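Novice: Residue numbering for the sequence shown follows the working numbering, starting at 333 and increasing by one per position.
Derived from the structure by calculation, the hints contain no laboratory data. Among the hints, a few may not be true.
Per label pair, the in silico range of CB-to-CB distance [as the list claims (entries may be wrong)]:
| hint | residue 1 | residue 2 | range |
| --- | --- | --- | --- |
| 1 | ALA408 | TYR383 | 32 to 42 Å |
| 2 | GLN387 | GLY362 | 16 to 26 Å |
| 3 | ALA453 | LEU428 | 35 to 45 Å |
| 4 | GLN432 | ASP345 | 15 to 25 Å |
| 5 | PRO501 | PRO404 | 24 to 34 Å |
| 6 | THR507 | PRO379 | 16 to 26 Å |
| 7 | ALA514 | GLY469 | 38 to 48 Å |
| 8 | GLY362 | VAL500 | 46 to 56 Å |
All figures in this text were calculated on a predicted structure; none of them were measured in a lab. Where is the CB? At the ideal position from N, CA and C, for every residue including glycine.
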Amino acid sequence: MPARGRRPQGGPDAREAVLGAARELFAERGFERTTMRAVGTRAGVDPALIYHYFQDKDALLAAVVEPPVDLPAVLAGIADDPGQAGEEIIRRVIGLWENQPDIRERMLAVLRTALSHDHAARLLRDMLSSWLLRALGDVLADDQRELRAALVGSHLGGLLLGRYLLQVPGTAAATPEELAQAVGPAIQRYL
Numbered sequence: 333m334p335a336r337g338r339r340p341q342g343g344p345d346a347r348e349a350v351l352g353a354a355r356e357l358f359a360e361r362g363f364e365r366t367t368m369r370a371v372g373t374r375a376g377v378d379p380a381l382i383y384h385y386f387q388d389k390d391a392l393l394a395a396v397v398e399p400p401v402d403l404p405a406v407l408a409g410i411a412d413d414p415g416q417a418g419e420e421i422i423r424r425v426i427g428l429w430e431n432q433p434d435i436r437e438r439m440l441a442v443l444r445t446a447l448s449h450d451h452a453a454r455l456l457r458d459m460l461s462s463w464l465l466r467a468l469g470d471v472l473a474d475d476q477r478e479l480r481a482a483l484v485g486s487h488l489g490g491l492l493l494g495r496y497l498l499q500v501p502g503t504a505a506a507t508p509e510e511l512a513q514a515v516g517p518a519i520q521r522y523l
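Working from the sequences, and respecting the hints, build out all of it.
Specialist: This is the structure in structure tokens:
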């Protein structure tokens with residue numbers, strides 16, 4: 333947070349402050365009710381700087397909903413043991429969310445934003461669809477690849493929402509390994 337009365341004039345810190353403020357405000361107020369002025373105020377920057385980085389509010393939204401991890405990198409090598417890929421996917425994704433709270437918080441903000449705004453949901457859906465297809469590449473069966481990837485993504489999304497956002501008692505209390513063993517076979521069937 334910049335010192336009171338001082339506003340960052342650019343650079344990576346200002347850009348990250350804008351993204352953080354936008355994530356918070358989009359999640360709190362929704363896309364339509366969030367103004368660039370409010371984002372600038374929360375970030376401690378002049379709203380004109382936001383336009384410098386993002387051109388418009390839609391471009392800011394696109395940057396906000398972009399997942400903070402490279403999913404294909406997270407799932408690299410799962411084809412090494414294709415019979416256990418379902419469990420390994422759950423281990424890696426839950427492990428990422430458990431062990432990197434900054435990524436978990438950013439992704440929860442992305443999910444909250446996508447749940448409250450159609451345009452954000454469409455952007456996130458399109459990004460995740462292409463990422464999942466690439467990430468699951470060699471472990472997806474050749475027939476109905478898009479459907480299979482969508483089912484994996486939907487199941488993962490539901491699990492992450494249930495565990496971290498809604499904190500459904502069963503999923504929130506389970507260990508990552510219990511989840512891998514319980515959910516992995518369903519993911520394996522989708523693959």
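Novice: To test your reading of the hints: which numbers does this structure violate?
Specialist: 3, 6, 7 and 8
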